[in-house]
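Novice: Protein sequences appear in the order of chains D and Y.
Here the first sequence is numbered in the working numbering, starting from 104 and rising by one per residue.
Here the second sequence is numbered in the working numbering, starting from 7 and rising by one per residue.
Just so you know, the hints here were simulated from the structure itself, not pulled from any lab data.
We put the CB at the ideal spot given by N, CA and C, even for glycine.
Where hints are given, some of them may not hold.
[As the list claims (entries may be wrong)] Computed, partial: chain D to chain Y, Cβ under 7 Å:
| id | residue |
| --- | --- |
| 1 | K150 |
| 2 | P220 |
| 3 | A221 |
| 4 | F222 |
| 5 | F223 |
| 6 | K279 |
| 7 | A325 |
| 8 | T327 |
| 9 | M328 |
| 10 | R329 |
[What the hints assert, rightly or not] Here are some, though not all, of the chain Y residues that point toward chain D, as calculated from beta-carbon distances under 10 Å:
| id | residue |
| --- | --- |
| 11 | V48 |
| 12 | S52 |
| 13 | P63 |
| 14 | A135 |
| 15 | C152 |
| 16 | T155 |
| 17 | G156 |
| 18 | D206 |
| 19 | E207 |
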Amino acid sequence: MSSKIFNSAAEALAGQLSDGMVVAAGGFGLCGVPVDLIMALRDSNAKDLTVIGNNVGCDDHGMWHVLANGQIKKVILSFAGDNKILAQAFMSNEIDIEFNPQGTLAERLRAGGAGIPAFFTRTGYGTIIAEGKETRQFPNPDGTLDWFVMESGLTADISLVKAWKADTEGNLVYRKTARNFNPMIASAGRLTIAEVEEIVPVGSLDPDSVHTPGIFVDRIVASTMREKHIERPTTRPRATKETV
Amino acid sequence: MPWNRDEMAARAAGELRDGYYVNLGIGIPTLVANMVPEGMTVTLQSENGLLGIGPFPYEGELDPDLINAGKQTITDLPGSSYFSSADSFGMIRGGHVHLSILGGMEVSQNGDLANWMVPGKMIKGMGGAMDLVAGVRRIVVVMDHCDKTGDSKFKSECTLPLTGKGVVDMLITDLGVFEIDRRGDSGATLLEIAPGVSLDEIRAKTQAEFALGPGVR
């Protein structure tokens with residue numbers, strides 16, 4: 104009987120990677136990043152990769168390790184801050200960096216996963232983001248006309264996502280803001296692998312509460328990550344006599 | 007005396023209205039979160055996927071799965087909701103967010119905004135800024151009136167690459183408040199002058215053309 108469960112990230116990726124592939128990975132900063140799968144990608148030594156993600160790693164974390172191993176030739180992202188390798192690569196043109204407005208990137212992945220090759224958005228009209236792209240006027244609900252920019256859908260050869268729980272069918276539930284780009288990236292992968300904190304038996308997830316239906320998930324691995332990292336820990340002081 | 011950061015944020019908080027959904031940028035705009043007037047309900051959106059941002063957590067209660075768009079740990083509130091980045095930017099692009107308060111590098115008199123890149127320098131990326139200015143109903147920019155060399159950041163035309171064209175409704179600087187007719191051709195109007203600042207000083211430090219609002223002199 105076929106099973107989507109694999110014993111490790113390395114086993115889930117074994118034989119699936121080749122040089123020049125397009126890999127998408129979920130996460131926003133250090134939140135909701137499939138850390139084990141990314142380290143297995145690093146260990147695969149697959150080269151000339153194009154990597155899609157909001158950040159593509161932060162210093163010493165996540166996709167940063169794949170960058171540091173020289174495996175990436177192009178990144179498609181929204182935010183490259185907090186990443187010294189990308190900063191250096193940007194100034195020296197070593198890596199092709201394609202900047203996308205964050206909402207455009209999210210929608211490109213959603214569209215790609217939904218079989219939509221292109222769409223029009225108001226975002227970026229009149230900026231360098233629109234250069235070389237088709238622009239067209241469409242009416243607003245009030246009848247006035249605005250200019251829109253055509254953007255293309257994105258798909259990936261392999262999508263790596265992080266979820267809180269999966270059942271053995273691959274139905275996924277994310278936790279809090281760790282959801283971020285993961286649902287769209289799950290749908291945009293020709294092969295989608297989910298790294299999850301807990302694998303639960305079929306029937307134990309409320310079908311009404313599933314965030315990503317199992318049809319989008321081909322393989323599942325249990326995360327070995329013991330400690331989640333925080334980029335900017337921020338607190339407020341407790342009131343002196345407050346009872347909590 | 008020109009307004010300081012807190013005073014600029016307080017002036018921006020004057021643009022909040024009861025029942026608004028609001029997205030705040032990083033920097034001075036973030037200070038607005040603590041300045042919601044008493045008795046007013048304002049729901050803050052974090053574009054990474056949360057509606058209803060709560061206060062920062064207490065020491066020992068940090069949740070790595072709960073951060074804002076600036077990657078700081080936060081909390082949620084009764085009535086909060088979580089969603090994907092695609093749904094989040096659907097809210098933003100679809101015009102469901104009433105107000106966004108953002109920082110800026112340059113603003114032009116017709117409402118263009120530049121706040122994401124300086125040619126020749128490392129680009130961090132625009133993040134959600136281009137989507138916010140394109141989709142949110144009202145855009146308020148809070149920034150210093152002049153750069154470190156004393157040059158006006160409020161210009162007839164932006165010199166830096168744009169974040170959005172004709173997107174700024176209001177500009178709040180340390181010297182005053184300007185309303186911008188971004189959809190029409192009335193340009194910019196000076197509405198308020200910071201206490202102790204003269205109209206002559208604003209004229210001397212502003213490269214943009216502007217008209218005077220009622221009572222401003």
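Novice: Decide, hint by hint, whether the structure agrees.
Specialist: Quick rundown of the hints versus the structure:
1. K150: violated, 25 Å
2. P220: P220(D) check fails; min Cβ-Cβ to chain Y is 17 Å, beyond 7 Å.
3. A221: Because about 16 Å separates A221(D) from the closest Cβ in chain Y, which is outside the 7 Å limit, the hint is violated.
4. F222: With a closest approach of 11 Å, the F222(D) hint is violated.
5. F223: With a minimum Cβ separation of about 11 Å from chain Y (threshold 7 Å), the hint on F223(D) is violated.
6. K279: This interface hint holds because 4 Å falls under the 7 Å limit.
7. A325: violated, 17 Å
8. T327: violated, 16 Å
9. M328: violated, 10 Å
10. R329: violated, 12 Å
11. V48: Status violated, d = 18 Å.
12. S52: Hint on S52(Y): holds, closest Cβ of chain D at ~7 Å, below 10 Å.
13. P63: holds, 6 Å
14. A135: Because about 8 Å separates A135(Y) from the closest Cβ in chain D, which is inside the 10 Å limit, the hint holds.
15. C152: violated, 24 Å
16. T155: Hint on T155(Y): violated, closest Cβ of chain D at ~24 Å, above 10 Å.
17. G156: violated, 27 Å
18. D206: violated, 34 Å
19. E207: Because about 32 Å separates E207(Y) from the closest Cβ in chain D, which is outside the 10 Å limit, the hint is violated.
Checked against the numbered hints above, the structure breaks hints 1, 2, 3, 4, 5, 7, 8, 9, 10, 11, 15, 16, 17, 18, 19 and satisfies the rest.
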